[in-house]
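Participant: Next come the chains, spelled out residue by residue.
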Amino acid sequence: MSDTHAQSVPFVRESFIPEAPPPETDTGVVAWLRKNLFSTWAYALLTIAALYVIYVILAGVLPWLLNGVWNADSIQQCREILAGERGGCFAVLTERWNQLLFGFSYPTEAYWRPTLAFALLFVAAAPVLFTSVPRILLVATLLYPFAAYWLLWGGTILAPLVGLLGVIGGYLVYRRLIDRSFAYGLLGGIVAAAAIMWLGGFVVADQPRFLSLLPVQSRDMGGFMLNMLLGVICVSLSLPIGILLALGRQSSLPIIKWICVVFIEFVRGVPLITLLFVANVVLAYFLPPGTTFDLILRVIIMITMFASAYIAEVIRGGLAALPRGQYEAADSLGLDYAQAMRLVILPQALKISIPGIVNVAVGLFKDTTLVSIISMFDLVGMIRGPILASTDWGGVYWELFGFAALLFFVVCYGISQYSQWLERRLATDHR
Amino acid sequence: MTMTDDAATARNRLSVSDEIAIEIVNMNKWYGTFHVLRDIDLTVMRGERIVICGPSGSGKSTLIRCINALEEHQKGRITVDGTVLSSDLKNIDRIRSEVGMCFQHFNLFPHLTILENCTLAPIWVRKTPKREAEETAMHFLTKVKIPEQADKYPGQLSGGQQQRVAIARSLCMKPRIMLFDEPTSALDPEMIKEVLDTMIELAEEGMTMICVTHEMGFARQVANRVIFMDQGQIVEQNEPEEFFRNPQSDRTKLFLSQILGH
Numbered sequence: 001m002s003d004t005h006a007q008s009v010p011f012v013r014e015s016f017i018p019e020a021p022p023p024e025t026d027t028g029v030v031a032w033l034r035k036n037l038f039s040t041w042a043y044a045l046l047t048i049a050a051l052y053v054i055y056v057i058l059a060g061v062l063p064w065l066l067n068g069v070w071n072a073d074s075i076q077q078c079r080e081i082l083a084g085e086r087g088g089c090f091a092v093l094t095e096r097w098n099q100l101l102f103g104f105s106y107p108t109e110a111y112w113r114p115t116l117a118f119a120l121l122f123v124a125a126a127p128v129l130f131t132s133v134p135r136i137l138l139v140a141t142l143l144y145p146f147a148a149y150w151l152l153w154g155g156t157i158l159a160p161l162v163g164l165l166g167v168i169g170g171y172l173v174y175r176r177l178i179d180r181s182f183a184y185g186l187l188g189g190i191v192a193a194a195a196i197m198w199l200g201g202f203v204v205a206d207q208p209r210f211l212s213l214l215p216v217q218s219r220d221m222g223g224f225m226l227n228m229l230l231g232v233i234c235v236s237l238s239l240p241i242g243i244l245l246a247l248g249r250q251s252s253l254p255i256i257k258w259i260c261v262v263f264i265e266f267v268r269g270v271p272l273i274t275l276l277f278v279a280n281v282v283l284a285y286f287l288p289p290g291t292t293f294d295l296i297l298r299v300i301i302m303i304t305m306f307a308s309a310y311i312a313e314v315i316r317g318g319l320a321a322l323p324r325g326q327y328e329a330a331d332s333l334g335l336d337y338a339q340a341m342r343l344v345i346l347p348q349a350l351k352i353s354i355p356g357i358v359n360v361a362v363g364l365f366k367d368t369t370l371v372s373i374i375s376m377f378d379l380v381g382m383i384r385g386p387i388l389a390s391t392d393w394g395g396v397y398w399e400l401f402g403f404a405a406l407l408f409f410v411v412c413y414g415i416s417q418y419s420q421w422l423e424r425r426l427a428t429d430h431r
Numbered sequence: 432m433t434m435t436d437d438a439a440t441a442r443n444r445l446s447v448s449d450e451i452a453i454e455i456v457n458m459n460k461w462y463g464t465f466h467v468l469r470d471i472d473l474t475v476m477r478g479e480r481i482v483i484c485g486p487s488g489s490g491k492s493t494l495i496r497c498i499n500a501l502e503e504h505q506k507g508r509i510t511v512d513g514t515v516l517s518s519d520l521k522n523i524d525r526i527r528s529e530v531g532m533c534f535q536h537f538n539l540f541p542h543l544t545i546l547e548n549c550t551l552a553p554i555w556v557r558k559t560p561k562r563e564a565e566e567t568a569m570h571f572l573t574k575v576k577i578p579e580q581a582d583k584y585p586g587q588l589s590g591g592q593q594q595r596v597a598i599a600r601s602l603c604m605k606p607r608i609m610l611f612d613e614p615t616s617a618l619d620p621e622m623i624k625e626v627l628d629t630m631i632e633l634a635e636e637g638m639t640m641i642c643v644t645h646e647m648g649f650a651r652q653v654a655n656r657v658i659f660m661d662q663g664q665i666v667e668q669n670e671p672e673e674f675f676r677n678p679q680s681d682r683t684k685l686f687l688s689q690i691l692g693h
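Residue numbers (my numbering), protein chains in the order written: chain A, 1 to 431; chain B, 432 to 693.
Misleading hints may appear alongside valid ones.
As the list claims (entries may be wrong) - Label-pair ranges, simulated between beta-carbon atoms:
{"hint": "1", "chain 1": "A", "residue 1": "Ala-405", "chain 2": "B", "residue 2": "Asp-582", "range": "43 to 49 Å"}
{"hint": "2", "chain 1": "A", "residue 1": "Arg-342", "chain 2": "B", "residue 2": "Lys-624", "range": "36 to 42 Å"}
{"hint": "3", "chain 1": "B", "residue 1": "Gln-689", "chain 2": "A", "residue 2": "Ile-255", "range": "36 to 42 Å"}
{"hint": "4", "chain 1": "A", "residue 1": "Leu-244", "chain 2": "B", "residue 2": "Asp-619", "range": "41 to 47 Å"}
Claimed, not checked - Straight-line Cα separation of at most 30 Å, DSSO-like style, residue types lysine-lysine; simulated pairs:
{"hint": "5", "chain 1": "B", "residue 1": "Lys-506", "chain 2": "A", "residue 2": "Lys-351"}
{"hint": "6", "chain 1": "A", "residue 1": "Lys-257", "chain 2": "B", "residue 2": "Lys-521"}
{"hint": "7", "chain 1": "B", "residue 1": "Lys-558", "chain 2": "B", "residue 2": "Lys-521"}
{"hint": "8", "chain 1": "B", "residue 1": "Lys-506", "chain 2": "A", "residue 2": "Lys-257"}
Please keep in mind that the hints were generated in silico from the structure rather than gathered at the bench.
Where a beta carbon is used, it is the ideal one built from N, C-alpha and C, also for glycine.
Sequences are here, hints too, so could you generate the full structure?
Facilitator: If you want it as structure tokens, here you go:
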């Protein structure tokens with residue numbers, strides 16, 4: 001058949017060719033090496049150079065890591081133990097472990113409270129992050145902020161309970177009034193919540209000992225706990241606020257639109273550190289004399305404002321990427337604005353925005369270390385201040401900052417991996 | 432001319448009531464200073480099938496988009512199902528839930544399955560229980576002949592299938608009027624037929640329909656009236672037989688010679 005031509009002679013295949021393995025030279029380790037690392041002379045040279053660089057780095061770092069001293073009381077003792085050999089002085093981590101995690105003035109006997117709050121964080125976050133987790137756990141998510149407040153700051157359990165009751169009461173009033181109009185519902189809900197909290201304030205003031213944990217002042221919070229606290233609160237607040245700002249910026253109502261535009265552009269145009277100084281110093285001038293306005297609360301407000309402006313812009317990008325037809329289809333089916341946004345527009349826009357939102361979240365989490373500049377003792381503040389300034393551990397830079405970097409890396413890498421998993425799970429467009 | 436006779440008998444089977452479904456009186460619309468729709472007067476009876484054709488930019492899409500307030504008109508009055516369109520949002524949402532619409536690019540929701548696309552509006556707008564909404568959705572998906580795709584996502588379907596889902600999605604709201612905005616313009620020739628078949632079936636059940644389309648075969652077979660628009664105005668309207676055989680205005684003749692010429 002080989003000398004026949006398809007054009008001139010009709011052809012019908014009679015036997016089918018069975019599947020065969022590819023040629024030997026294309027498979028196996030050697031083939032992979034040749035293809036990827038040594039395909040040309042230039043690549044081979046580059047590969048060898050890269051291997052040498054890796055060797056030099058490892059030769060420096062590995063002895064430092066493996067030969068490290070984990071038990072010593074000071075850097076001098078470390079040096080004695082090492083006796084001139086290369087090795088890290090990791091004893092500072094073990095000796096100052098609690099300070100690194102909780103700061104230097106959190107009461108020692110209450111260390112279990114932030115630890116428990118941290119563990120509960122996973123229970124509370126699970127139903128939000130993973131849809132396969134039973135929905136009933138969302139109750140834990142609702143309760144968590146109040147439980148965590150009680151655990152971290154202590155005091156009577158009545159304070160967070162009143163807060164919880166206020167939120168529930170406000171929600172019930174909102175649900176009752178939403179039928180009349182959204183504005184009614186929102187206003188009524190806020191008024192009801194405020195009223196319950198105001199009345200509850202008297203009960204709290206009257207019974208400060210009821211089921212009380214040892215109270216801890218905000219200025220006593222520190223260490224990595226402070227970073228986690230600020231990071232978790234600010235990320236979870238700035239996402240909804242950012243969504244509202246992004247929608248507001250698209251609004252056809254000029255006043256709402258301009259408020260959002262001015263807020264976003266102003267906050268984005270100012271360095272975070274400036275806002276933190278404002279929180280630390282200047283805000284006090286604007287408040288009536290005698291009011292105590294918690295420093296952590298002020299910092300949370302500033303970081304949240306900052307992050308929500310960025311998130312708003314990221315989400316605006318996602319909204320802009322949606323074809324107009326999606327809005328029109330939602331409208332033409334009779335969905336009202338809130339339904340169209342919640343069910344059709346935002347799920348798609350947020351999915352597009354995930355990489356950008358994660359970028360902001362990771363950046364924000366790392367920016368919480370900036371509070372060390374306004375003399376709060378977060379992880380970096382602890383290291384730069386009390387630990388490195390002490391006579392025992394002055395000069396142990398690599399170990400301490402390496403540890404800080406590792407902690408932040410673990411959290412940020414976790415966030416990044418989660419977001420990539422989420423993107424894959426939400427990929428339904430089959431492009 | 433047996434073909435035409437068949438079409439005529441098919442059309443005569445479809446009854447038209449004397450109840451008014453849509454009434455448009457002296458409607459005008461501007462985009463900025465551009466006068467897109469000029470003095471539109473149109474009355475659609477319940478059960479009528481109207482085909483609107485015309486060159487691009489003639490305002491035909493804008494006209495039907497005004498009927499469910501996707502576009503705002505500045506002058507004149509539109510009455511849909513006895514309700515006058517006003518800027519009141521509740522009023523608009525009510526009219527939109529009575530008027531189904533299919534778009535040129537389908538506009539299915541890509542993050543939802545086919546079934547969820549169909550149940551979304553009944554559940555949230557009509558407050559239908561989920562089970563019941565799903566039964567209705569499966570009924571209409573069966574009607575458009577793709578019940579087996581219910582759990583897939585729109586991106587996995589062909590264009591023709593997507594458009595049929597879009598029709599089913601509209602039907603799930605049990606609309607009294609259906610608007611079609613060039614439903615077959617984005618489809619391959621092979622898929623046009625399956626969508627048109629669905630629309631013909633819908634017409635035979637007595638649905639009030641307004642279709643912007645250039646499918647003249649469809650117009651002949653199901654339309655009561657063909658409307659020709661140019662430069663934002665209704666230039667000519669007539670029964671399909673007369674419209675195609677004996678167009679009156681020069682503009683209509685030119686248009687027909689161009690689209691039927693090859």
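Participant: All the hints need checking, so say for each whether the structure fits it.
Facilitator: Right, here's what the structure says about each hint:
| no. | hint | result |
| --- | --- | --- |
| 1 | A:Ala-405 <-> B:Asp-582: 43 to 49 Å | 46 Å, holds |
| 2 | A:Arg-342 <-> B:Lys-624: 36 to 42 Å | 38 Å, holds |
| 3 | B:Gln-689 <-> A:Ile-255: 36 to 42 Å | 50 Å, violated |
| 4 | A:Leu-244 <-> B:Asp-619: 41 to 47 Å | 43 Å, holds |
| 5 | B:Lys-506 <-> A:Lys-351 | 40 Å, violated |
| 6 | A:Lys-257 <-> B:Lys-521 | 23 Å, holds |
| 7 | B:Lys-558 <-> B:Lys-521 | 16 Å, holds |
| 8 | B:Lys-506 <-> A:Lys-257 | 27 Å, holds |
Of the numbered hints listed earlier, those contradicted by the structure are 3, 5.
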